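Engineer: Let chain A serve as the given structure and place chain B on it in line with the hints.
Heads up: the sequence lines are chains A and B, in that order.
Reminder that position 225 of the first sequence reads as 225 in our numbering, one-by-one numbering, no gaps.
Reminder that position 248 of the second sequence reads as 248 in our numbering, one-by-one numbering, no gaps.
Calculated from the structure, these hints are not laboratory results.
Being a predicted model, the structure only gives us computed values, none of them experimental.
Be aware that one or more of the hints could be misleading.
[Said to hold, decoys possible] Some chain B residues judged to face chain A by a derived CB distance under 8 Å, without partners named: (1) Leu-70; (2) Gly-74; (3) Asn-145; (4) Gln-178; (5) His-250.
[As the list claims (entries may be wrong)] Label pairs and their calculated CB-CB ranges: (6) B/Glu-44 / A/Glu-220: 38 to 44 Å; (7) A/His-372 / B/Gly-363: 25 to 31 Å; (8) B/Ala-408 / A/Asp-36: 53 to 59 Å; (9) B/Asp-356 / A/Thr-173: 56 to 62 Å; (10) A/Thr-173 / B/Thr-76: 40 to 46 Å; (11) A/Asp-339 / B/Glu-44: 24 to 30 Å; (12) B/Ala-367 / A/Pro-250: 54 to 60 Å.
[As the list claims (entries may be wrong)] Which stretches of chain A does chain B cover? Using the computed rule of at least three CB atoms under 8 Å from a CB of chain B, they are: (13) 193-206; (14) 309-315.
Positions of the beta carbon are idealized from the N, C-alpha and C atoms, including for glycine.
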Amino acid sequence: MRWLTMAFALLLAACGGQQTATPTFIAEGNPPILSDWGMMVSDGRSLTLSEGVLAYDLNTPLFSDYAHKQRTIWMPDGVNAIYREGDVLDFPVGTVITKTFYYPRGDAADEVRLTTATATGWRPDGLDLSDIRLVETRILVHRESGWIALPYVWNEDQTEAVLQRAGDLQHLTLVSEDGSRQALPYAVPNANQCAGCHAINNTTRQIQPIGPAARHINREYAYATGAQNQLTAMVEAGYLEDHPALDAAPQAAVYTDLSAPLDDRARSYLDINCAHCHNPVGPADTSGLHLNADAPVGPNLGLCKLPIAAGGGTGGRRFSIQPGQPDESILVYRMEINDPGSMMPELGRSVRHEEGIALITDWIAQMEARCHQAG
Amino acid sequence: MKQDIATWVGAGLGLSSLLLAGCGGPAERDVASADRSYQNQLIEQLIDAQPGDVIEIPEGVFAFDRSLSLTVDGVTIRGQGADRTILSFQDQAQGAEGLLVTASDFTIEDLAIEDTIGDGLKVNEGENIIIRGIRVEWTNGPDTNNGAYGIYPVQTTNVLVEDSIAIGAADAGIYVGQSRNVVVRRNRAERNVAGIEIENTIGADVYENVATENTGGILVFNMPNLPQPGYWTRVYNNHVFANNTGNFGHEGTPVASIPAGSGIVVNSNDQVEIFDNQIADNRTANIIISSLHSTGYSDYAVQEDFDPYPEGIHIHGNAFSGGGNNPDGLDLQGLKLVVAGPLGRMPDVLWDGYFDADKLVDGEMPAELRICLNNGEAGLVNADGPNGYENPSVVTEAHQCSLDPLPAVELALANP
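For reference, chain A alone in the conformation it holds in the complex:
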């Protein structure tokens, strides 16, 4: 294995002028360019993660307009995260998490391709950019004062990403595999909007990561050195003190894994896509709709529940979930519509997630009818 790694490194070096960078924890201020953090480097042809920067995936990810995402985590020497069962891992000050959003390139400028398969340019430790359009990289950094979110937008040459705290709106076109096109007004969130998802408790309003919870990252990743469980890889990298036996650690269902029960897949999808707001202390607790993984089945999960302040988001439907009747369920309508005033989630998508809609539709369809209307 080590021989192979060395050979690979030599090969990369031979390809010429491989840049390197040193990951850095920047304790204050707003670094104007992504390179300041040293997590990755790009020469416009390939993006390379720096040494020690560990990539990871989630069992079921948040849908973001079919963007592909490369997630990384890094910590300074001498500190590590502590395992937590239900919540995100307890990360030390100094932790830097990145998420790079990219698409396979389309034929024309500002065209990007929709593919649910792994993008051709994906590498275990970076991206081959020849067929990839980088859009943005978001940084979440844990400082003494708490977590801070900073959005960086990639330049045209794909050599650098520039801090854009006010966010951005890019008018892209999304081309499906069958050649059909749809407008994709891709919104880069502004720094305050980052809190719209990452402040999952609307009383304390502390920003925190959402993805790196044990249930989401308890899975294998195809590292350059071979496939390995991500929690174990984090322990080996010195980023996580320890973890319980893997089969004792929680594991969210992969929403596309047809061997998993439908209920688990649907709840996993709702958890990662909705529960950052729709939890009992989240910004959407005003609606009384709770979609977190451990929310009990009942009205607060949406069954036969009247909307509170959905406005046009009801789509003329009466209940959040009408068991057995996805076409009568507000939940499905709000996934199907693209009007920003009515759709869900409120931020982070502008096109429909067909696979997610199909999943939630199937889930509601197989529920036993039970809304007896009174009055």
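Structural biologist: Chain B only, in chain A's frame:
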């Protein structure tokens, strides 16, 4: 009954769109020459704001294509006047509201928020909120596709909404939800589905407002499955007239069941005192007292301790004139015919007739839980909802009583 109301509302809606089309309707603001360069500057000011900051927005029309948000406590946003500083969201492609505030000690004053794709101003959880002299408007006029709420504080404490204007919301112009200690005064709510709505809120004084041309003028509601049931609302010295706009709300929303021509509506809420208002020319009824039972909910989905009955309602000293002459929907028309005849009008207070039989003591409702009407000539009709609206009757006599006045809300604001 509900279905018929919905049908009638649908027909009315069709008619009003025809009328609108006929007269051209209000003209949407032309933003061709609006300032588009200011957006990023304001977003960065909001991101960099520190407690104590005042963000001054100059005079002008400024266009935005994304929503704004503020997450820092103690900030004031101030324009140069509700007709001088205009934030237009006609180009909006992202965000569920114009301005989202998740912060305390917040003041916003003297500006307009127009044509947002979703809600206008939403304040989600916070204390000491002052909303003063702003205007939130959908400039195209009433339209089902307008945003839901104009001015929308929710889960807030110590809230003052004053001297503001809300026009064209597809749900409620001014909506205060799940809050405590609220004063809503001297505002104007026009051509919304609900003009002013107080929902699941504890302690609200609603006074000296004008509500007209909405579907329903002023609403005091309780909804189930929320963290907090509301009670204790005083609605007084308001002018609530001609709220006869066809219901253009989205089916499924709580306000979609409001008949056009509703003046003041209390639904499932307790301790509501309605007094010294001028209430006129609301064609279904000047006041409606109702239960969640009349809004088409599912009994599966109501938390067990939810109280759907309006109790401790006290109506006195209001000046009624007109109204009740042409109720919305065939069933309500029929009801009027039965109780008032073809030329008569619905009594000023329409009660759906639901009450909590478990609370009766010797066949009588305890005094403090009663629906009391002590308002001169005004009458009260029981629509007999529990019996399928079979035998509606005028029961003014049986509801002639008084309740102790509710205490005033005292805002703990430094500068109310």
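Engineer: Which of the numbered hints are not met once you compare them with the structure shown?
Structural biologist: Violated hint (a single one): 2; every other hint is consistent with the structure.
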